[in-house]
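Asks: Listed in order, the protein sequences are those of chains P and Z. For the first sequence, the residue numbers in the working numbering are 1 to 258. For the second sequence, the residue numbers in the working numbering are 259 to 365.
Keep in mind the hints are simulated off the structure, nothing from the lab. Take these hints with a grain of salt, some might be off.
[To be verified] Simulated crosslink set (SDA-like; lysine to any residue; CA at most 20 Å straight-line):
1. P:K202 <-> Z:D360
2. Z:K363 <-> P:S175
3. P:K54 <-> P:G226
4. Z:K363 <-> P:K191
5. P:K202 <-> Z:D352
6. P:K205 <-> Z:L330
7. P:K202 <-> Z:N350
8. P:K169 <-> Z:D352
9. P:K11 <-> Z:E364
10. P:K170 <-> Z:D352
11. P:K191 <-> Z:V332
12. P:K170 <-> Z:M365
13. P:K54 <-> P:K67
14. P:K163 <-> Z:K363
15. P:K169 <-> Z:I361
16. P:K191 <-> Z:M365
17. Z:K363 <-> P:G226
18. P:K210 <-> Z:E359
19. P:K170 <-> Z:H307
20. P:K169 <-> Z:E364
21. P:K163 <-> Z:D352
22. P:K170 <-> Z:I361
23. P:K33 <-> P:D142
24. P:K205 <-> Z:V332
25. P:K191 <-> Z:D352
26. P:K210 <-> Z:V332
27. P:K163 <-> Z:I361
28. P:K191 <-> Z:K286
29. P:K251 <-> P:K54
30. P:K205 <-> Z:L354
31. P:K170 <-> Z:K286
32. P:K205 <-> Z:Q295
33. P:K191 <-> Z:Q295
34. Z:K363 <-> P:K67
[Said to hold, decoys possible] Computed list of chain Z residues with no C-beta within reach of chain P, every gap over 10 Å:
35. T260
36. E266
37. N273
38. V279
39. R290
40. Q310
Here a beta-carbon is modelled for each residue, glycine too, at the ideal position from N, C-alpha and C.
Below, each chain spelled out in residue letters.
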Amino acid sequence: MGHIICIANLKGGVGKTTTAVNLSASFAFIGKKTLLIDCDPQGSATTGVGLSKKKLALTLYDALSGKSPIEKTVLDTDIEGLKVIPVRGEFFRAELELMSRPNKENVLRNLISPLRDCYDYIILDTPPSLGLVSINAMTAADSLLIPLQCEFLAYESLVQLLKFARLVKKRLNSSLLLAGILLTMYDMGEKTSQQIVANARKHLKNAVFKTVIPRSAQLRESSAQGKPLLLSDPDAVGAKSYLELAHEIIKRKARTLA
Amino acid sequence: MTKVANTEVLEKARNELLEKVKGALEMKEIRRILEDQHNLEISDDLEVHNSQIIIHNNRIGYKIEFEVLLSLSVLLDENGVYIPPDETPEGNIDQLGGLAEDIIKEM
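Between the sequences and the hints, there should be enough to build the whole structure, so can you do that?
Replies: Set out below in structure tokens:
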């Protein structure tokens, strides 16, 4: 059965979508069948894997609103082994529509459950808010991956998100685990980056991934170009870091199951 | 008082010695020491402001004073009220780290 990872953070611009896209690509590159589900109405993960939002026939919204079976919304990408369920702007409506649904926190979990057996990993990219979509993503997930930008203010939203995740675990998804906290946008020359890494390692210990994602113009540009960095420049440090992260998650998962 | 040496010559010799000491300083190390000692980040070149020969623990020492360009900040809220350092992100990072640690343990 596939492992579902929810990538979440309250803040925007911390590397959520970059992580979702590049981690998904790395899993696929390693040979793991991977499905990336874009749950953010901004649709950055959708364009990040090279899809044009204008040309989409079906999206996650169609499945969520009962207009299409979820299987029909799954699309191929340029990376073998990586598929995607895209979104576009209309997904903004999902938040409101979910409000009136019975069992509203479990809609996504029920929707994607038939897909679990088809993939090794299912990655959920979430919007930077704690609305019903994010609650649905955390309720559907087996584990939570939190990208933490190497900046002081990022720490405050980390605590908020952890409190929220604790609540979701208590009330909606008792099997939710913390996959890990991923330090992103690390700049070796910046004292702040060094302080954040030191503090995270001191307090959060093994909850922090060993892999650290560097601040990288290449990662930013590859997202804009609609290609995971692994596809455009596999030797780039950013691409290698995400590959390293994929291996680390696979090892952690094996240890948990052992 | 019986003068046994020329004051100007002594002063010149002392200044020359201090100049040689200043010239021999490993500025990279000095910068690191000052940054560590005062927990600051020096954003510009270090400049010697003053130097003197002193007695430290009954031995001759050299006291070199530096002038550094510092970028310091003060935080205030929308009402113009000063926000103390322990309420700034830098100040409470350790506290937040501890809080996050507790929540993770519960999970």
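Asks: Compare the structure with each hint and give your call.
Replies: Hint-by-hint comparison with the structure:
no.: 1; hint: P:K202 <-> Z:D360; verdict: 13 Å, holds
no.: 2; hint: Z:K363 <-> P:S175; verdict: 15 Å, holds
no.: 3; hint: P:K54 <-> P:G226; verdict: 14 Å, holds
no.: 4; hint: Z:K363 <-> P:K191; verdict: 28 Å, violated
no.: 5; hint: P:K202 <-> Z:D352; verdict: 9 Å, holds
no.: 6; hint: P:K205 <-> Z:L330; verdict: 31 Å, violated
no.: 7; hint: P:K202 <-> Z:N350; verdict: 15 Å, holds
no.: 8; hint: P:K169 <-> Z:D352; verdict: 25 Å, violated
no.: 9; hint: P:K11 <-> Z:E364; verdict: 23 Å, violated
no.: 10; hint: P:K170 <-> Z:D352; verdict: 26 Å, violated
no.: 11; hint: P:K191 <-> Z:V332; verdict: 19 Å, holds
no.: 12; hint: P:K170 <-> Z:M365; verdict: 9 Å, holds
no.: 13; hint: P:K54 <-> P:K67; verdict: 19 Å, holds
no.: 14; hint: P:K163 <-> Z:K363; verdict: 12 Å, holds
no.: 15; hint: P:K169 <-> Z:I361; verdict: 12 Å, holds
no.: 16; hint: P:K191 <-> Z:M365; verdict: 31 Å, violated
no.: 17; hint: Z:K363 <-> P:G226; verdict: 38 Å, violated
no.: 18; hint: P:K210 <-> Z:E359; verdict: 17 Å, holds
no.: 19; hint: P:K170 <-> Z:H307; verdict: 62 Å, violated
no.: 20; hint: P:K169 <-> Z:E364; verdict: 10 Å, holds
no.: 21; hint: P:K163 <-> Z:D352; verdict: 17 Å, holds
no.: 22; hint: P:K170 <-> Z:I361; verdict: 12 Å, holds
no.: 23; hint: P:K33 <-> P:D142; verdict: 17 Å, holds
no.: 24; hint: P:K205 <-> Z:V332; verdict: 32 Å, violated
no.: 25; hint: P:K191 <-> Z:D352; verdict: 15 Å, holds
no.: 26; hint: P:K210 <-> Z:V332; verdict: 35 Å, violated
no.: 27; hint: P:K163 <-> Z:I361; verdict: 7 Å, holds
no.: 28; hint: P:K191 <-> Z:K286; verdict: 17 Å, holds
no.: 29; hint: P:K251 <-> P:K54; verdict: 39 Å, violated
no.: 30; hint: P:K205 <-> Z:L354; verdict: 14 Å, holds
no.: 31; hint: P:K170 <-> Z:K286; verdict: 53 Å, violated
no.: 32; hint: P:K205 <-> Z:Q295; verdict: 28 Å, violated
no.: 33; hint: P:K191 <-> Z:Q295; verdict: 15 Å, holds
no.: 34; hint: Z:K363 <-> P:K67; verdict: 42 Å, violated
no.: 35; hint: T260; verdict: 58 Å, holds
no.: 36; hint: E266; verdict: 47 Å, holds
no.: 37; hint: N273; verdict: 37 Å, holds
no.: 38; hint: V279; verdict: 30 Å, holds
no.: 39; hint: R290; verdict: 13 Å, holds
no.: 40; hint: Q310; verdict: 32 Å, holds
When held up to the earlier numbered hints, the structure conflicts with 4, 6, 8, 9, 10, 16, 17, 19, 24, 26, 29, 31, 32 and 34 and fits the remainder.
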